[in-house]
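2 protein chains.
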Amino acid sequence: MAVYTEFNDEEFAAFMAGYDLGKAIAVKGIAEGVENSNYLLSTERGQFILTLYEKRVDPADLPFFLGLMEHLAGRGITCPLPVRSRAGSALGRLAGRPAAIVTFLSGLSVRRPRAEHCREVGAALAHLHLAGEGFPIRRANALSVRGWRPLFEACNGRADEVLPGLGDEVGRELSFLENRWPMDLPAGIIHADLFPDNVFFLGDRLSGLIDFYFACNDMLAYDVAIGINAWCFEPDASLNITKSQALLAGYTSVRPLGPPEAGALPLLCRGSALRFLLTRLYDWLTVPKGALVVPKDPVEYYKKLRFHRSVGDASAYGLDR
Amino acid sequence: MAVYTEFNDEEFAAFMAGYDLGKAIAVKGIAEGVENSNYLLSTERGQFILTLYEKRVDPADLPFFLGLMEHLAGRGITCPLPVRSRAGSALGRLAGRPAAIVTFLSGLSVRRPRAEHCREVGAALAHLHLAGEGFPIRRANALSVRGWRPLFEACNGRADEVLPGLGDEVGRELSFLENRWPMDLPAGIIHADLFPDNVFFLGDRLSGLIDFYFACNDMLAYDVAIGINAWCFEPDASLNITKSQALLAGYTSVRPLGPPEAGALPLLCRGSALRFLLTRLYDWLTVPKGALVVPKDPVEYYKKLRFHRSVGDASAYGLDR
Chain A
1 MAVYTEFNDE
11 EFAAFMAGYD
21 LGKAIAVKGI
31 AEGVENSNYL
41 LSTERGQFIL
51 TLYEKRVDPA
61 DLPFFLGLME
71 HLAGRGITCP
81 LPVRSRAGSA
91 LGRLAGRPAA
101 IVTFLSGLSV
111 RRPRAEHCRE
121 VGAALAHLHL
131 AGEGFPIRRA
141 NALSVRGWRP
151 LFEACNGRAD
161 EVLPGLGDEV
171 GRELSFLENR
181 WPMDLPAGII
191 HADLFPDNVF
201 FLGDRLSGLI
211 DFYFACNDML
221 AYDVAIGINA
231 WCFEPDASLN
241 ITKSQALLAG
251 YTSVRPLGPP
261 EAGALPLLCR
271 GSALRFLLTR
281 LYDWLTVPKG
291 ALVVPKDPVE
301 YYKKLRFHRS
311 VGDASAYGLD
321 R
Chain B
1 MAVYTEFNDE
11 EFAAFMAGYD
21 LGKAIAVKGI
31 AEGVENSNYL
41 LSTERGQFIL
51 TLYEKRVDPA
61 DLPFFLGLME
71 HLAGRGITCP
81 LPVRSRAGSA
91 LGRLAGRPAA
101 IVTFLSGLSV
111 RRPRAEHCRE
121 VGAALAHLHL
131 AGEGFPIRRA
141 NALSVRGWRP
151 LFEACNGRAD
161 EVLPGLGDEV
171 GRELSFLENR
181 WPMDLPAGII
191 HADLFPDNVF
201 FLGDRLSGLI
211 DFYFACNDML
221 AYDVAIGINA
231 WCFEPDASLN
241 ITKSQALLAG
251 YTSVRPLGPP
261 EAGALPLLCR
271 GSALRFLLTR
281 LYDWLTVPKG
291 ALVVPKDPVE
301 YYKKLRFHRS
311 VGDASAYGLD
321 R
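Protein sequences, first through last, are from chains A and B. Residue numbering for the first sequence follows our numbering, starting at 1 and increasing by one per position. Residue numbering for the second sequence follows our numbering, starting at 1 and increasing by one per position.
Okay, chain A solo, but in the shape it has when bound (with noise of 0.2 Å):
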């Protein structure tokens, strides 16, 4: 939630020069997306996000994230469309970073999620899962399963600086998800950070979906499972059955989850639980002190996880069989 890297005047004229955009009008650095610096771009032909890739993101991966939200906007998908250059590039060089500029998007995040918002973002994600068929890149997820043990070996022991015991039970919900994780269930492009910040709505109607720099090949019911924690959880980490409900309803009015991914959803979304829980401390035991970038606060997951642990069937999140 910063800008990390500026520019100067002529860096910024060069670079503009090679957009058919017309001149800028105005250029705010904008607190969104905690990777990378962005910045909000007016120019002659209109609003834009101008992004400068920062070092948490491997310029490898930079094809696949550009590439996917052209294919995803030419779907119907509305996400950011990169904006290529005259020389028909979508990325470019600003201030010695990998940068694009993408098509700004109205709408505001909601904050406290409603059941109709829980709909729309359930219907949303299968439209995106639809539309990505076809995508020819692939991109691992390297926060699933086979991530999740390196990062938690990364935190040193240190868990229970944060709740006693977590160490312990950490590892062992861990132990168990490397030996249950299901590998066969329908996979293909999922968003895996569809969290309230990256969902758009103007009113009740959703009106973009953002940050696509978590995108990668998975289960897509994994992505489910992702947005069920994201959204239908209240303040004290109880579920919203009414919510998740909604989610489910709007997911499978668009794509039928089929009887395998709806009996794998309470461990899909133990493993949600676990990975958010898992970088968020990660983040909670490296971050230091009085940096601006809170970090959250990993025991929100812990709670979760332990409500995924004690349903028995998809019917406690409200699935229809």
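A portion of the hints provided could be inaccurate.
[Said to hold, decoys possible] Sample of chain B residues facing chain A (criterion: CB under 7 Å; computed from the structure):
#  : residue
1  : T5
2  : L21
3  : I25
4  : I30
5  : A31
6  : S106
7  : V110
8  : R111
9  : L174
10 : L267
[As the list claims (entries may be wrong)] FRET-style restraints, in silico, Cβ to Cβ:
#  : chain 1 : residue 1 : chain 2 : residue 2 : range
11 : B       : P164      : A       : E234      : 50 to 60 Å
12 : A       : E169      : B       : G147      : 27 to 37 Å
13 : A       : T286      : B       : A17       : 35 to 45 Å
14 : B       : D9        : A       : D236      : 13 to 23 Å
15 : B       : G203      : A       : R111      : 53 to 63 Å
16 : A       : D20       : B       : L202      : 17 to 27 Å
[Unchecked claim] Here are a few chain B residues that face chain A, going by a calculated C-beta distance under 8 Å:
#  : residue
17 : G22
18 : A26
19 : G29
20 : L81
21 : R112
22 : E116
23 : V254
Hints in this document: simulated from the structure, not taken from any laboratory. Just so you know, even glycine gets a beta-carbon here, dropped at the ideal spot from N, CA and C.
For this one, chain A is given, so just place chain B on it according to the hints.
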């Protein structure tokens, strides 16, 4: 350079309902200003800046700041114009903070000003000084000569951590300026922080002035001295006399400097350099390591201060007599 306060959907909707701006289309936290939380707000009526005033701003000063922008905008200065609510107030509350909406100004700030920019800034500063006449509220300059010693003392004798010998030298400079500081030059409303960040251009033409949150009543020529320090030095802290000549020519083309003002200019430049040296020194010594707001280098202003001490009279800045 961050968003400190966020708000939820309900409180934002209630806040917006008080204004006649139509529906909100987008709200983005922007990395502008270091004191307050700023959002770029797009509505059906256009673009605006929404500011939530944080702890470092005294709420008692807000009628001065908002009233001043309204006063200046009504006299032809291109500055943000506070939008009044349906109830007629320029000041509201959001998320427990005083909050205001002001108009959005087009333009880009320059990172490496050229002489053309300096001339425009000089003229704009003089127009601002003239337009400030008749503004009925007064606000003392807390960062003028009487505020410097408390700031120096708050550094607790740690100046030498930045540069050996700096503490003694600052102490001597402080005593010198306290004895010689002029008190009887023409006074009025000054901007007091007209750095390149706070001035927008479209091409080489100045298109707007922002950030009036240091504005106050003080000697007008002191604002000119701040401008020279902020705009006319090269990155190695050497004066570029072409730029200072341009700034002064721009200023005097609108408002001539009287002989007492011209005579005091080197002293006012010393004082202004000391003021920014002291605030930077204090921030340098107190901002926690790892914070995303990187404190600015105090040594830059120490070098500028040394330059001004070597100056005989205002001709060193290229002032035509």
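Results for each hint:
no. : hint                         : in the structure
1   : T5                           : 12 Å, violated
2   : L21                          : 14 Å, violated
3   : I25                          : 5 Å, holds
4   : I30                          : 5 Å, holds
5   : A31                          : 4 Å, holds
6   : S106                         : 5 Å, holds
7   : V110                         : 5 Å, holds
8   : R111                         : 4 Å, holds
9   : L174                         : 30 Å, violated
10  : L267                         : 33 Å, violated
11  : P164/B to E234/A: 50 to 60 Å : 57 Å, holds
12  : E169/A to G147/B: 27 to 37 Å : 55 Å, violated
13  : T286/A to A17/B: 35 to 45 Å  : 42 Å, holds
14  : D9/B to D236/A: 13 to 23 Å   : 19 Å, holds
15  : G203/B to R111/A: 53 to 63 Å : 40 Å, violated
16  : D20/A to L202/B: 17 to 27 Å  : 19 Å, holds
17  : G22                          : 12 Å, violated
18  : A26                          : 5 Å, holds
19  : G29                          : 4 Å, holds
20  : L81                          : 16 Å, violated
21  : R112                         : 6 Å, holds
22  : E116                         : 12 Å, violated
23  : V254                         : 25 Å, violated
Hint check: violations occur at hints 1, 2, 9, 10, 12, 15, 17, 20, 22, 23; the rest are consistent with the structure.
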